[in-house]
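Keeping their order, the protein sequence lines are chains A and B. The numbering of the first sequence is this note's numbering, which starts it at 1 and goes up by one. The numbering of the second sequence is this note's numbering, which starts it at 1 and goes up by one.
I should point out that these hints are in silico values taken from the structure, not numbers from a laboratory. Hints may be right or wrong, so weigh each one.
Said to hold, decoys possible - Under the rule of at most 35 Å between Cα atoms (straight-line distance), these lysine-lysine pairs were calculated in the DSBU-like manner:
#, chain 1, residue 1, chain 2, residue 2
1, A, 321, B, 321
2, B, 172, A, 321
3, B, 172, A, 172
Stated by the list, open to error - DEER-style ranges, computed between Cβ atoms:
#, chain 1, residue 1, chain 2, residue 2, range
4, B, 37, A, 220, 52 to 62 Å
5, B, 37, A, 173, 39 to 49 Å
6, B, 84, A, 370, 38 to 48 Å
7, A, 173, B, 357, 47 to 57 Å
Just so we're clear, the structure is a prediction, and the values are computed from it rather than from any experiment. Cβ coordinates follow ideal geometry from the N, Cα and C atoms, glycine included.
Single-letter residue listing:
2 protein chains.
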Amino acid sequence: MNQPIPATALQLRSLVQADGTLQISLEPTPVPAPGPDEVLIQMQATPINPSDIGLLLGPADLSTVTVGGSADRPLVTARIPERAMPSLVARVGESMPVGNEGAGLVVAAGSSPAAQALLGRTVAAIGGAMYAQYRVMPAAQCLPLPAGTTAAEGASCFVNPLTSLGMVETMKREGHTALVHTAAASNLGQMLNRICQKDGIGLVNIVRKPEQATLLRELGAQYVCDSSAPGFLSDLTGALAATGATIAFDATGGGTLAGQILQCMESAINRNAKEYSRYGSAVHKQVYVYGSLDTRPLEIQRTFGMAWGVGGWLLFPFLQKIGEPAAQALRARVAAELKTTFASHYARTVSLAEALSADAIAFYGQRNTGAKVLIDPSR
Amino acid sequence: MNQPIPATALQLRSLVQADGTLQISLEPTPVPAPGPDEVLIQMQATPINPSDIGLLLGPADLSTVTVGGSADRPLVTARIPERAMPSLVARVGESMPVGNEGAGLVVAAGSSPAAQALLGRTVAAIGGAMYAQYRVMPAAQCLPLPAGTTAAEGASCFVNPLTSLGMVETMKREGHTALVHTAAASNLGQMLNRICQKDGIGLVNIVRKPEQATLLRELGAQYVCDSSAPGFLSDLTGALAATGATIAFDATGGGTLAGQILQCMESAINRNAKEYSRYGSAVHKQVYVYGSLDTRPLEIQRTFGMAWGVGGWLLFPFLQKIGEPAAQALRARVAAELKTTFASHYARTVSLAEALSADAIAFYGQRNTGAKVLIDPSR
Numbered sequence: 001m002n003q004p005i006p007a008t009a010l011q012l013r014s015l016v017q018a019d020g021t022l023q024i025s026l027e028p029t030p031v032p033a034p035g036p037d038e039v040l041i042q043m044q045a046t047p048i049n050p051s052d053i054g055l056l057l058g059p060a061d062l063s064t065v066t067v068g069g070s071a072d073r074p075l076v077t078a079r080i081p082e083r084a085m086p087s088l089v090a091r092v093g094e095s096m097p098v099g100n101e102g103a104g105l106v107v108a109a110g111s112s113p114a115a116q117a118l119l120g121r122t123v124a125a126i127g128g129a130m131y132a133q134y135r136v137m138p139a140a141q142c143l144p145l146p147a148g149t150t151a152a153e154g155a156s157c158f159v160n161p162l163t164s165l166g167m168v169e170t171m172k173r174e175g176h177t178a179l180v181h182t183a184a185a186s187n188l189g190q191m192l193n194r195i196c197q198k199d200g201i202g203l204v205n206i207v208r209k210p211e212q213a214t215l216l217r218e219l220g221a222q223y224v225c226d227s228s229a230p231g232f233l234s235d236l237t238g239a240l241a242a243t244g245a246t247i248a249f250d251a252t253g254g255g256t257l258a259g260q261i262l263q264c265m266e267s268a269i270n271r272n273a274k275e276y277s278r279y280g281s282a283v284h285k286q287v288y289v290y291g292s293l294d295t296r297p298l299e300i301q302r303t304f305g306m307a308w309g310v311g312g313w314l315l316f317p318f319l320q321k322i323g324e325p326a327a328q329a330l331r332a333r334v335a336a337e338l339k340t341t342f343a344s345h346y347a348r349t350v351s352l353a354e355a356l357s358a359d360a361i362a363f364y365g366q367r368n369t370g371a372k373v374l375i376d377p378s379r
Numbered sequence: 001m002n003q004p005i006p007a008t009a010l011q012l013r014s015l016v017q018a019d020g021t022l023q024i025s026l027e028p029t030p031v032p033a034p035g036p037d038e039v040l041i042q043m044q045a046t047p048i049n050p051s052d053i054g055l056l057l058g059p060a061d062l063s064t065v066t067v068g069g070s071a072d073r074p075l076v077t078a079r080i081p082e083r084a085m086p087s088l089v090a091r092v093g094e095s096m097p098v099g100n101e102g103a104g105l106v107v108a109a110g111s112s113p114a115a116q117a118l119l120g121r122t123v124a125a126i127g128g129a130m131y132a133q134y135r136v137m138p139a140a141q142c143l144p145l146p147a148g149t150t151a152a153e154g155a156s157c158f159v160n161p162l163t164s165l166g167m168v169e170t171m172k173r174e175g176h177t178a179l180v181h182t183a184a185a186s187n188l189g190q191m192l193n194r195i196c197q198k199d200g201i202g203l204v205n206i207v208r209k210p211e212q213a214t215l216l217r218e219l220g221a222q223y224v225c226d227s228s229a230p231g232f233l234s235d236l237t238g239a240l241a242a243t244g245a246t247i248a249f250d251a252t253g254g255g256t257l258a259g260q261i262l263q264c265m266e267s268a269i270n271r272n273a274k275e276y277s278r279y280g281s282a283v284h285k286q287v288y289v290y291g292s293l294d295t296r297p298l299e300i301q302r303t304f305g306m307a308w309g310v311g312g313w314l315l316f317p318f319l320q321k322i323g324e325p326a327a328q329a330l331r332a333r334v335a336a337e338l339k340t341t342f343a344s345h346y347a348r349t350v351s352l353a354e355a356l357s358a359d360a361i362a363f364y365g366q367r368n369t370g371a372k373v374l375i376d377p378s379r
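Generate coordinates for the entire structure from the input sequences, incorporating the hints supplied.
Rendered as structure tokens:
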């Protein structure tokens, strides 16, 4: 509030061109005056989530990234493989703002009491186009952060918290009593561990490296299975038998893992089977794919009977399906436990321009555990 | 009724031994006297459905089949690949009767009026253990065939008719308006075509050979896509756009076909998309796997957004889920249209002993279109 609000400010845009070039840039964009029920947020913290990377980088080949332009206004270009273009038809030529969620300072507010009440407050919001110096939002959609909570602490209070709570809620609503999570050492995975430990829910964590297993065990996780270990399938079957988990949320979305989970669930169930059924157990086994860390095709060897499903899982359709009161209950829990259960951690904080450096793209573009980046557009 | 009822009669049994040997034999089994509410059926016609082949042959390697024993009591042995044994643990050492459904003559009946009413009638039934010279069934579970209907005509009046009707019913209950079927030239596929033509439902038929496409077109099918043709994906997308089909029933269960169907559904939906969504279309796209004609792993390249599902579909859990009145309505339709919509065709009729010949096993073991075999245990 010390600086005057500029007439235009930078907004990050991602553009797929018809020739298969991806272009990412910072575009000067008019800063709108907030309407009566709106506020203008000076963005101070907005995370690069895996779901943002999908829109930001698309399926571009990261080995072809080049960065031109100036230090303040870098211009990133990269090639998109031809086979990926058909799925992008609808965004060709459409310059797209990026950034699902973030937090910042309300520097201007409309005339309504609700908007005025937020002036000078640090708020969090979800709604896209957050990778920008300024963002107008309806006052009703802003979450005022509790006193003593910084924008950085509140930047990730929607996507990961609601996704991890949504997994537990889906588990309950579909009649399961314990769950499996892959890429379990991620920010999201650690959050899910805190929820399950707090709520007494059985959670089988699947990780890809011994150090990730160690990390989760140090955080109190009881069942951790390392898919790189020789005894993985036997470890997993044991953990599934112990917890009774028959639903999994898979961040990888490729390779053999989803099928292995279903197979091990079936083996765990059959340990107690009284008689042979030619169709496998009658217990429904479900894997929901919510990420794409592994870009290979899903390879599912069906050795687990007929009572199974694999499908996509996405936060927003889930929230719509459960309805506003149920969704509001989830959001209230997040607000109450923002600094504990739902705390996020970042490896780096960068400016908008720094987010477009070759070094930063190579870092977050790997989508690795512990490589989460926070953008501070006010830098 | 001309012959006396023997004290023992032959029943086909399939046995998986701990050493990985499959053994199929005809075992003399006591013929029970029917209880008050039961009837004794002399079996005259029982089909070898794909679902029977799973129990009969298991995952045995058909190149290892040897047939010993005598002409009347052949003994089939074959090797089961080691990797398949874990899924068979519960049936090791358990000699299992086979044969889901069939029809025959009621030659003895219990004292109750319902049982007595069936004496001398030709009835159809489902319930397993039908590959036998005699089978006792509760009278209430027998379907008396209309006058003029032979046992051979009524032998397949449960599995294929209820499965094809169940697909249409699932389509409706899950909010879709048209459907896709693979291996569409099968007995089941032809039945589904008759249902959809009669009921005015859009059906996209996927076949693997030009002659199968020709066959279905001659039977009046409007949309037939040959997966061996170079323009398959484009043909399929066109048919999906024309029908609006967003649910598929897949008999193959392996390879890339299920994923291709989802991809083409998404492309068909996106033809009319107004704006780009990073998560793909919001329209749920579903493939239900109900068979295993292709024993390779399912290979799913996820290029169709997040609103999708692949899962197992099985007749009996479906019938349980919809409840008895709805299931009864389906059965009533089958009875009313048994010689038209729900007529089955067989390539061969064999005796029980002939069904265990190397030649017959090689024939039905391929699970090919047009290779359906009917067993007449009274021969």
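Assess, step by step, whether the Cα of residue 172/B is no farther than 35 Å from the Cα of residue 321/A, and give holds or violated. 20 Å, holds
Could one say that the CB atoms of residue 37/B and residue 220/A fall in the range 52 to 62 Å? 59 Å, holds
Taking the beta carbons of residue 37/B and residue 173/A, is their distance inside 39 to 49 Å? At roughly 42 Å between Cβ atoms, residue 173/A and residue 37/B fall inside 39 to 49 Å, so the hint holds.
Starting from residue 172/B, check that the Cα of residue 172/A is at most 35 Å away, please. Holds: residue 172/B and residue 172/A sit about 26 Å apart, inside 35 Å.
Tell me if the straight-line CA distance from residue 321/A to residue 321/B falls inside 35 Å. Distance ~22 Å between residue 321/A and residue 321/B Cα, so the pair holds.
So does residue 173/A sit 47 to 57 Å from residue 357/B, Cβ to Cβ? 52 Å, holds
So the hint says 38 to 48 Å: do the beta-carbon atoms of residue 84/B and residue 370/A match that? 40 Å, holds
This entry satisfies every hint, going by the numbered hints stated previously.
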